[in-house]
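Chemist: Spelled out, the chains give:
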Amino acid sequence: MSISKTKSTRMSRRAFLGYTSALSFAAVLGQVHPVQAAEPVKGGHFVLGLKGGESTNSLDPALSASQVPFNILRGWGESLLNVAPDGGLEYRLAESVEATDDGQSWHFTIRSGVKFHNGETMTAQDVLKTMERHSNEDSKSGALGIMRGIESMSVEGSVFTVNLTTASSDLPYLLADYHLVIQPNGGMDDPTAGIGTGPYKITENEPGARHGFEKFADYWDDSRGHYDTYEIIVINDDTARAAALQSGQVNAINIVSPKTAKLFGRAPGISIETTSGRGHYVFVMHVDTPPFDNKDLRLALKYAVNREEMVEKVLNGYGAVGNDTPINDAYPLFDETIPQRQFDLDKAREHYAASGHDGSPIVLRVSDAAFAGALDAAALFQQSAQAAGIPLEIKREPADGYWSEVWNKQPFAASYWGGRAVQDQMYTTAYLSTADWNDTRFKNADFDDLLLQARAELDENKRKDVYGQMGRLLNEEGGLINPMFNQFIDGVSAKVAGWEANPNAEMMDGFIASKTWFE
Amino acid sequence: MSFVVIKLVSQRIALGLLLLLAATVLIFIGTQILPGDVAQSILGQSATPEALANLRRDLGLNEPALNRYFSWLGNALQGDLGTALTNGKDIAESISGRLQNTLFLAACAAVVSIPLAIFLGLLAVRYRNRWPDKMISAITLATISVPEFILGYIVMYFVAVKLQWLPSVAIVRPDMSVFDRFEAVAMPVIVLTFVVLAHMMRMTRAAILNVMESAYIETAELKGLSAFRIIASHAMPNAISPIVNVVMLNLAYLVVGVVVVEVVFVYPGMGQYLVDHVSKRDVPVVQATGLIFAAVYILLNTTADIIAILANPRLRHPK
Chain A
1 MSISKTKSTR MSRRAFLGYT SALSFAAVLG QVHPVQAAEP VKGGHFVLGL KGGESTNSLD
61 PALSASQVPF NILRGWGESL LNVAPDGGLE YRLAESVEAT DDGQSWHFTI RSGVKFHNGE
121 TMTAQDVLKT MERHSNEDSK SGALGIMRGI ESMSVEGSVF TVNLTTASSD LPYLLADYHL
181 VIQPNGGMDD PTAGIGTGPY KITENEPGAR HGFEKFADYW DDSRGHYDTY EIIVINDDTA
241 RAAALQSGQV NAINIVSPKT AKLFGRAPGI SIETTSGRGH YVFVMHVDTP PFDNKDLRLA
301 LKYAVNREEM VEKVLNGYGA VGNDTPINDA YPLFDETIPQ RQFDLDKARE HYAASGHDGS
361 PIVLRVSDAA FAGALDAAAL FQQSAQAAGI PLEIKREPAD GYWSEVWNKQ PFAASYWGGR
421 AVQDQMYTTA YLSTADWNDT RFKNADFDDL LLQARAELDE NKRKDVYGQM GRLLNEEGGL
481 INPMFNQFID GVSAKVAGWE ANPNAEMMDG FIASKTWFE
Chain B
1 MSFVVIKLVS QRIALGLLLL LAATVLIFIG TQILPGDVAQ SILGQSATPE ALANLRRDLG
61 LNEPALNRYF SWLGNALQGD LGTALTNGKD IAESISGRLQ NTLFLAACAA VVSIPLAIFL
121 GLLAVRYRNR WPDKMISAIT LATISVPEFI LGYIVMYFVA VKLQWLPSVA IVRPDMSVFD
181 RFEAVAMPVI VLTFVVLAHM MRMTRAAILN VMESAYIETA ELKGLSAFRI IASHAMPNAI
241 SPIVNVVMLN LAYLVVGVVV VEVVFVYPGM GQYLVDHVSK RDVPVVQATG LIFAAVYILL
301 NTTADIIAIL ANPRLRHPK
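Going down the list, the protein sequences come from chains A and B.
Heads up: the first sequence is residues 1 to 519, going by full-length UniProt numbering.
Heads up: the second sequence is residues 1 to 319, going by full-length UniProt numbering.
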């Protein structure tokens, strides 16, 4: 077993992947980022108005699923690593990572001297317990799926070791998942205690209404956590959220409606921050269910989508066209040579005729719960399909229960995917034959082989090539109709300095309260 | 005589309790027939079969429904509403804060709107079919016809965004002073007043006009009493029971039906709490809030009945 080591608090993905190379340290040095132009100012009370909170929200990181719990977790908790805005990795509670050559064993050196909010010192043992809690069979964690490939975990001194069943060069990305914040004793005693190592302590917790935080005096990293206190107010109503920002009651809001973003951006003292991410608004077909088991029918539908029009009308231009794969250029190792599928009624007609479909209505199930504007998108789809002679019928479903009763159950439905940090994770989550959320029922042995091959491949160029093959396969054979990638649209008061675009998630990947300050 | 009153009142109260029991059955059945189950709803898109099975077992969803009903009813009678399935918080504790907020908002709105509605009603009778009557009717009917959230947005746009007089977010904090609380709820109170005004005002007007046809009013007029005095102290007492009924209905609405206003103004009351938990299939919370809402409704209506009995001697001797 040969181990080579890289050590830095901040390194790019490219440098990171060079861990087997003797040159890796030099590569790290080449990646020094420019220092922020302005020095952060400390102090003040920051207020966030966020959509996506319910009075049912729990502080248990494992159960976090919507925007407000996500942003709360970013305040009080920390993971081993973060995915940086440029797709690289930032070391947080892990100080360094080493892997064996075969990519099957990973050693994380845990940062020393980091304190929990209850005064205890965070140890590698806490890390182990946290990972155990999220990965054991009884877990209800949203991160359970990504913990699957782990064979065993152990701790020796300050080193936390993960042994995988099959090689994965992306493990650090998986462990950067936002659910995996380190809790004292892994949260085994009280998962909802809200005690972590983050820059802010949680002081008030009224789910669905407001959450209060104050700066944690013993926080280890001076470059984060500039406000004295901050609070999150849950404002689910779009108009009320916008009014709160306009009237100065909150300093930033998430999910500005694309329909009003342009007008809203003209209001004084407010800037609209748009960030291209990996989220995509899609229609999913079950490739194992008639009539969608017919490749020609799937292609007919794919050609019948007017992607440009959808981006223009549904997203009001705040987005980009998709290419029937879940991957876009926000992912590392994206193959830009895959030809973009164009809106082509002739081809749609051709494939529809070749499919031999009996002309019975093809039912598409839709609700605005899938994504904002899903009904409009479906209506546009229906019109363009009609022009190609495809009898698409829209069935409107209730928003309540959409994710449990319609999505992943009905053979053709609207859906939304937030994307994942790396291609491997996205494909493993929803396109591998054995994936939990294979919402297109895509089971393709060649595709699975390629995925495993890419996972074990340490040469970047070769991996990129393999991902390119997978993208082409999915684009041609898959059940995913991906007309568009949306953007995160956040509204920020002009008083707030230090904003940086982060494609990983809204609100600077949830770090707005940690990384910004008042001018 | 007083024995009759006590008997009638206690009958009313007993009937109310019986009704409440019937409501618990309905609430329980209602929560059972919701599609989907709580485990699925909690985990949402990120549900894996293992996680689902684990959660279902932990939540005790495998027990028979009848057992769950009786154990729930028994606990509720002892004041134990259980813990929320979704976030593990004690329901009684979570509700008490929210219920206080709701009652505070309802009380503020009631204190403004009820006297205003009755006064406007009296005024409308005094100037019936003349311009003050028509104007009062036109304005109040207009405000009741506009959906609450639009009224909310209009008030918010002018008062909070343009003039910046009042906060658009009616968030209340435990450490707030009473004055700050009044300021926080001012905008929702304005909107709620607009919403409930017309109903009470129109009922007051109609009930009093009905009485105004009576012979004794003519007598009062012939005695030379002033028009307003006749309306307020001779006609009004005989019109009290329909007015009280409508006032109670509106009070009940202010407690249980203001979810839209709560959402628009981000007010942490009971309505939003209930809606969130319904959408997550958090059955114990839905049952608990349902129970409280039913109790409030029944209590207010029973109160209206009792006031009507006390105010109207004829009701004391039912045939």
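If you're looking for bench data, these hints aren't it; they were derived computationally from the structure.
Do not take every clue at face value.
[Said to hold, decoys possible] Quick list of simulated restraints, FRET-style, between CB atoms: (1) G389(A) / V146(B): 55 to 65 Å; (2) D368(A) / A53(B): 43 to 53 Å; (3) A53(B) / K215(A): 34 to 44 Å; (4) Q125(A) / L26(B): 46 to 56 Å; (5) V25(B) / E477(A): 50 to 60 Å; (6) S154(A) / G60(B): 33 to 43 Å.
We put the beta carbon where it would ideally sit given N, CA and C, even for glycine.
Chemist: For every hint, state whether the structure bears it out.
Modeler: Cross-check of the supplied hints:
1. Take G389(A) and V146(B): their Cβ atoms lie about 45 Å apart, and the range 55 to 65 Å is violated.
2. Between D368(A) and A53(B) the CB atoms are about 30 Å apart, so this pair departs from the stated range of 43 to 53 Å.
3. In this structure, A53(B) and K215(A) meet the distance hint of 34 to 44 Å, their C-beta atoms being roughly 41 Å apart.
4. In this structure the supplied range 46 to 56 Å holds for Q125(A) paired with L26(B), their Cβ-Cβ distance being about 52 Å.
5. For V25(B) and E477(A), the hinted distance range of 50 to 60 Å is satisfied, since their beta carbons lie about 54 Å from each other.
6. Between S154(A) and G60(B) the CB atoms are about 35 Å apart, so this pair conforms to the stated range of 33 to 43 Å.
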